[in-house]
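Peer 1: Just so you know, the sequences run in chain order Z, E and U.
Just so you know, the first sequence maps onto residues 1 to 341 in my numbering.
Just so you know, the second sequence maps onto residues 1 to 325 in my numbering.
Just so you know, the third sequence maps onto residues 1 to 505 in my numbering.
Hints in this document: simulated from the structure, not taken from any laboratory.
Keep in mind it's a predicted model, so treat the numbers as computed, not measured.
Be aware that one or more of the hints could be misleading.
As the list claims (entries may be wrong) - Short derived list, chain Z residues pointing at chain E, Cβ under 7 Å:
#1 I298
#2 V304
#3 S312
#4 A316
What the hints assert, rightly or not - Residues of chain U clear of chain E, computed beta-carbon distances all greater than 12 Å:
#5 E29
#6 Q96
#7 H233
Don't be surprised by glycine CBs; every beta carbon is placed ideally from N, CA and C.
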Amino acid sequence: MAGLMRRLAPQLVALAALVGLVTAFYPAFLDLSFGGGRLSGPLVDVLKRAAPVALLATGMTLVIATRGIDLSVGAIMAICGAVAATAITAGWGLPAALLLALGAGAAAGLWNGVLVAVLGIQPFVATLILMTMGRGIAQLITEGRIMTFTDAGFAWIGSGTALGLPVPAWLWIATAAAFALVLRRTALGMLVEATGINRRASGLAGVNATVLLVAVYVAAGLCAALAGLVVTADIRGADANNAGLWLELDAILAVVIGGNSLLGGRFSIAASVIGALIIQTITIGIRLAGFPSEYNLIIKAVLVLVILVLQSPRLAPEWQFWRDSLRAARNRPADGKGAAK
Amino acid sequence: MNIRALPLYVTIAIFLLAYLVCWTQFPAMLSTRVIGNLLTDNAYLGIVAVGMTLVILSGGIDLSVGSVIAFSGVFIAVVLRDSTLHPLAVFAMLLALTTAFGAAMGFLIDRLAMPAFIVTLAGMFLARGAAYMLSIDSVPVVHPFFDWLEGLYWLMPGKGRLRLIGVVMLLAFAAGIVVAHKTRFGTSVLALGGGEATARLMGVRQGRTTVLVYAFSGLMAGLSGIVFTIYTGSGYSLATVGTELTAIAAVVIGGTLLTGGAGYMFGTFIGVMTMGLIQTYIVFDGSLSSWWTKIVVGVLLLAFILLQKGLVKLSQDRLAAGAGR
Amino acid sequence: MLLTIRSLTKTFPGTKALDAVDFDLAAGEVHALLGENGAGKSTLIKCLTGAYRRDGGAITLEGAGIDPQSTVEAQELGIGTVYQEVNLLPNLTVAQNLMFGREPRRWGLIRNRAMRAQARAMLRDYGLSLDVDRDLGSYSVAIQQIVAIARAVALSGKVLILDEPTASLDAAEVRMVFDVVRGLRARGLGIVFVSHFLDQVFDLSDRVTVLRNGRRVATERTRDLDRVALIEHMLGRELEAATQEPAARRGPRPPMLRFAGMGRRGAVQPFDMQVGQGEVLGLAGLLGSGRTETAELLFGLKPAQTGRARDQGGALDLSTPRAAIAAGFGLAPEDRKTDGIVADLTIRENIVLGLQARRGWARPIARAEQNRLAEDYIRRLDIRTTGREKRVGELSGGNQQKVVLARWLAMNPRFLILDEPTRGIDVGAHAEILRLIHDLTAQGMALLVISSEIDELIAVSDRVIVLRDRRHVAELAGEDIAPARIMQAIAATGPAPAAAAQGAA
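Looking at chain Z on its own, in the form it has when it is part of the complex (with noise of 0.2 Å):
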């Protein structure tokens, strides 16, 4: 546990220092009322309207894990939702609706699986196909409409409340957290770890790789299925177009926010998430402390470039020095006392 929350340390510190400045610009951030059965107020927003990063984010966790990256999560999520939004107007009914729509996500993980584990194309490469692709095959579905419909049990998983919170919340919670637990109760999330640190090395002790690469791609596309139920309920419509629109690069920056190294290797989900909700944080605050919205933009790319000169291998020897005179420092006013005697 000590370890967990050393890990996690600098991104709850990144979360805290954050919800702080915005409720300096904007007091009323950090108020909760609870009415009509359910609590609300922004951070309840931010929980709320993480749901699709934080869905995505845990998937992609993963890949980049493996050393991977999934860049056809959006589009995945655009397809999911036009799947879900057709069996539904066609009168399928909710369950049939949500299997084919996790169907479809885990068809298209696993099409990128195949590609990237068993064809040998770089995962960047063999994403990029889906990712062009899969707006095409969602506007397919959809006949290029906007799909709306009217059904209360589904718009119920976008915009209901259950237990006080906001059903989408309580989703990616219970999504990460399942997924935390079966990679940490098992033994998956050390073979997954070991792969991406170093495959071939894990092939030879006997660690299926291809299969273990496949999984993860299936688990990205499974999460992503998630993210598109989401945003197509929340607006009751599934728009090809724009659903899920660029998310992937947040789901990025999530996982890197939370510390996972591109290079893959160790993981954790719990801080890909808390990047997640750093990233709507700053998207509320923004917003509610009277910034205009086009600096969001430009704080992530700031981010971006901040998380990659911290992780540069490059620079790793820099840090580790600058680390080593930081320490000697400390130690040398206890030298200087020697040395008076």
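Based on the hints, put chains E and U in the right spot on chain Z.
Peer 2: Below, chains E and U without anything else, positioned relative to chain Z:
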């Protein structure tokens, strides 16, 4: 025949075949009018694809170009609205700015030794954000010089109009061909894409080359922004979202290896024209929906990536067989 | 002398890669540099070509001291290098590769026609007539090597270093490259020739220098040299007394595994092999003789194209590492860093990785059990660490090797292949690993030990199989397991280099 040139021939064959199919269905498509429009409508894409080709040849990627085009449009429109500068002066300022922007990204990629796509992702956010800061709304460009530029064309036989921006694209491709295939810099770019370690052993100055490659891409994105502004007559910060993807697709469909080191600038031109042709066909047909463009482009992308993968494997197998003989 | 090196020293953290090495080279001479992996050949060459900075010693070229800081600078001084692989770019044309950085230009633009003409003229000196507009990658490796030599000579022109240039060539191609090298010798170049093919060394070189463990052990004229003596120089007899006494050879053991006609094109000729319970088989041979290839084949890494493997129960599937592991095989590979350890995982995780992979992801090993396993092996193998949660990447080479061994021991395989188990390990750890090998066989585990050190093989093996030119050429047992016999078997001049060609087929 060089195995490396095979994708180029496939590209050309696909384009000719597609044009043949179009022509048998709609004879009107084989007219200078259609060809003129093909050049005009795809001018901004073609120019940005020239820069993207060089970046991809070097083994990199530039995700920022779509945002840079939008920024260019807003920059031109806002500066012309708020000052009395001549458009040509504004163009010069803009090109200097976008070139420096590209160079800065190249510098970071080299110095931080981080993947190009994440560095240029930051550039994408930054350029788009800068465009938002200048103006959120679409800003019309009102200037007599602009109207004159827009009206410039050469009437081809058959009443087709070859507009200025089409000519600019053709010139950009000519420049791209010279830079990529006729200079030491171009050879260095190919060398880097073929293998960084070997390229360094052979004396390629990696840092300098990387900076120049992204600076060139920035320059082309700026030029594309100018052309796009002339084409639409306004600057809008939400324009050309996703153009980087279209450009990458055009480069790959043009037969360039997405992992770098092999490809031809001319192939990219054919790739851009192929994508334009698909759209023109859909317009001519009238009953087909626009999303088919994305799907067909995606299928072509897949086909070329698999073709390239197959070729790489083939040559490796041949080498292995040669070693075992 | 054209080039003189005096007491060259280079130290890396933990090892002295070069220890006061002397070397010289005359104009018009081919001087072969020999040694097993880790002997210091490549370090010496990298110091010469500016890839490494030396820590001590002097290098003089034509009487003037030099200190190249980069390969480009070394080239300008006159020292050119051709490596086994990465030399030129297969995605550029022959002409572009030859003329890279020196292309004839007019107004900044490359004059393609002039470039092609110059490239053709350069190749004519080597008796080659190629379409210089084709990609270099479309030509055979031999042609690529000659093009690389042509470029290196054109750029430098005094000293040419050939670093295993023939490793992936067949006999006819080797002759072609050698003709080129002889031509250059006649033109007065000094040539350093690194190779592990003895026949080629005897065929081409005028003098031989042997390095071992970073020290020069001999420099002699090739024609005064005896093959057995040369091999003795290379393999050496350096083990500490503690491990020197030969193992008490045990008689025939109950049979466990039978391999019949196992082979793979370009890797190793079909061979038969039998392994008994608790038996230690040693694989002897020079670098490139097919030792590692045999291990990779048995473990399904580069699976056999011919032949069968059986045990008492029937046929075994060895088509992938996972299948081999299921059959009870294990492989501790030669290259620990890329094939063995997972550097960013902890010692505990590295040790349980194999076991966990075999159990499947859904049946995790309880943390307490993991800790127990890790602590157990850290103690048993004496892994020097501050704790089981330390990153393996932070350990020394010997301790990393022990972690890889621990991973396999935890899986309790019946047949464990150890490829160079003691490479780059300090003397203390060395003796411990040999002791461990002894203990394992007592428990019935069969071992295949690959080693460049003959004394090590003699110390542990019940039988020794000798490889030469990718072929199993001899099997020694009992009294025959002696340095002289092994070296004779390695040195025996078969119908090489034709055999090398066939062996690779």
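Peer 1: Against chain E, is V304(Z) within 7 Å by beta-carbon distance?
Peer 2: Holds. Min distance 4 Å.
Peer 1: Evaluate the condition: distance from the CB of E29(U) to the nearest CB of chain E exceeds 12 Å.
Peer 2: holds, 26 Å
Peer 1: Taking the shortest Cβ-to-Cβ distance between Q96(U) and chain E, state whether it exceeds 12 Å.
Peer 2: violated, 6 Å
Peer 1: Measuring from the C-beta of I298(Z) to each C-beta in chain E, is the shortest one below 7 Å?
Peer 2: I298(Z) check passes; min Cβ-Cβ to chain E is 4 Å, inside 7 Å.
Peer 1: Do the numbers back the hint for A316(Z), that is, is its least Cβ distance to chain E under 7 Å?
Peer 2: Hint on A316(Z): violated, closest Cβ of chain E at ~10 Å, above 7 Å.
Peer 1: Mind verifying the non-interface call on H233(U)? Its CB should be farther than 12 Å from each CB in chain E.
Peer 2: Holds, because the least Cβ-Cβ distance between H233(U) and chain E comes to about 29 Å, which exceeds 12 Å.
Peer 1: For the hint on S312(Z), just tell me whether its beta-carbon gets within less than 7 Å of chain E.
Peer 2: holds, 4 Å
In summary, the numbered hints that this structure violates are 4 and 6.
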